[in-house]
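Asks: Protein sequence lines, in the order shown, are assigned to chains A and B.
FYI, this note's numbering numbers position 218 of the first sequence as 218, with every residue one higher than the one before it.
The number in this note's numbering is simply the position in the second sequence, starting from 1, with 222 added.
Worth flagging that the hints you see were computed from the coordinates, not collected in a lab.
Don't take every hint at face value.
As the list claims (entries may be wrong) - Chain A regions said to be covered by chain B (calculated; three or more residues, Cβ under 8 Å): (1) 4–15; (2) 38–48; (3) 77–89; (4) 135–144.
C-beta: ideal position from N, C-alpha, C; glycine also.
Below, each chain spelled out in residue letters.
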Amino acid sequence: MTARDEIFAALPRAASANPHADAAALLARVPALRPARVGPDPVASFLARLTGPVIAATAERLATRAEIPAAVRSYLAANQLAPRLALQPSAALQTLDWSGIAALPTIAVDEPVSVCEADYAVAETASLVFRSGPHMPTLFAFLPLHHIVVLEAAKILPWLEDAAALEATRPAPRNLNFVTGASGTTDIEGTLVRGAHGPAHLHVLLIGGQIAALAPQPANVP
Amino acid sequence: MTAAFTARASAALTDPTLKTAIERTTGNARAKRAAAVAAWPGFEAARDLGRDIKDHVTQNLAFYLATFERNAIASGAHVHWARTADEACEIVVRLCREAGAHSVTRAKSMLGEEIGLPHALEAAGITRVETDLAEHIVQLAGDRPSHIVWPALHKTREQVREMFARLHHEPGGLDTVEAMVASARRELRQKFMQADVGISGANFLIADTGAVCTVTNEGNAELTTTPPRLHIVTAGIEKLVPSTAHAMSLLRLLVRSATGAELTQYTTFHCGPKRANDPDGPSEFHIVLVDNGRTRMLTQGLEDMLRCLRCGACLNHCVVYRQIGGHAYGGTYPGPMGAVLTPVLDGLKTAQDLPRACTLNGLCAEVCPVKIPLPTLIKGWRDKSWRLGLEPRAATLALRLWRLAAQHPPLYRLGTRLALPLLRRFARTGWARTLPLAGGWTAARDFPAPARKTFLDQLKERRK
């Protein structure tokens, strides 16, 4: 017998006549017990959590996509970074006016800055979601020290289950990355240090939505 | 207790810095977990759901394994099966050799530790680079992990500084923990990119997509699995969940129970090799599904243990673990979950002390995110140990004497009447500082003086 055959032979007969129905019934219990982390406005919940004390990322709101390069320029200047970055090879970002910045379509091992667009985000956990593909190399989200992420406010989903439901309708990418804050470690004496292997700084440019009405709220408001 | 365990536990108890180091990390973890749980009124109901999801998978394991295999192959992955630890290591080493691999990066995986993969790779002459910061520290020290979430919690910052200064290529100033982390980042940067194979574990195997979910806070899993030509996953067959949505429910429990966060910084679903036009990713994706005692657990009354998410909450809350740390347990898994799993993996004879090194205070079961009845399972091993005659002679003799007395009330009363005045002689001040046959107790604390008369005698007097 092969190892596979032997393992299957050692397993009991399936208990469920219809495992799919039983698995679905388990999920029906989720909405009633989820932590109250999403208020009536998921964008406000997302921003409050993202910039709150735990995740401690930074964010700014922009009315239109055309404002992205200027916002990136000010971020580089404010952090005393050279005008050079790895720009995710997506048409939506590459076609913006990056004059004055060396925007490269590839990423070096020690690249200080990269700019990527998140596919969508999840308000419950303030997670940014990246799907690998021809226009999204996975390493763009992991190699730089400063990760600047563009996100359309309209693409913020309330719950983790909403992300799972959306993914169930699409072909799976090689990597589906939920990024929740900058890289960190507590491996030496429990002391939190940012920038373990991945980015040390995460900055979100949130595009659109009702900017005046949706200023960041205190962290304790869901 | 066997001599080996006693020696390890004694060494741990006399280590001048170990207890402080353990308390620093586990105390922090306990406080953060407590806050996360307090902020979630549905936590109890969520634990029930977590238990039920895992039980549903265990009860339908053949169905979900077959579904996972089918979908993983459809995604372009190669699926391998291993009955034992040795078989699993052989598969990984063979894949590395076939790929002509010189250097392998590894993202921390408890299953990898369980099957002895670090040793197998080294024995095969393959350079192994541990990328999780704690595992990197443990590797440099030639040490073993002492916690399943914080493998290097037994190392102080002074010890880490000394090691990095000696072994890193560009240590720079190592005055702060930040500088030490930066030095490790520099040290591992090129190694991530130069590795031929990246090996990870799995926190969940998603049956309906064939994807493998990993969680890290450092980002080392993705840097381990993206640049090399091969990505190899080693995973226990109990890691299955029906769908991505089910994984989300378990992630809420896992992360809060482990670190008190709501989600790890990097939660990734790896599905198959690099697609045709992908700019990065491995061209081959291999998944090694490992039994190593798990199907046996189903027949040993240990199926509840297959729910374990490896969050480490039971370690952080265990009064024994907090005293002796992880190394004293002698196996891959320490603490309460280790007391249940190590006898499965190493045999009860070898691991007989672990179920005994437990106070049965029940705290582990109270904090377990999937409600594993750990004290019951630990008692199950004690019961088996008694029946196999593995219990120490002194304990066996004492219990037989007690049984004899308990079954013969006059004998019991005579025994207590004789013992009381004797005990009181050693406790003239109200507390006994030394007691015959109880030096282990009185070495660290006094024993209270008993009442003047036995309970039954007092009862009789009052009824007069």
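Asks: Each of the hints needs a verdict: does it hold here or not?
Replies: Now the hints, each set against the structure:
1. 4–15: holds (count 10)
2. 38–48: With 0 residues in contact (Cβ-Cβ under 8 Å with chain B), the coverage given for the region 38–48 of chain A is violated.
3. 77–89: n = 1 at 8 Å, threshold three: violated.
4. 135–144: holds (count 6)
The earlier numbered hints that this structure contradicts are 2 and 3.
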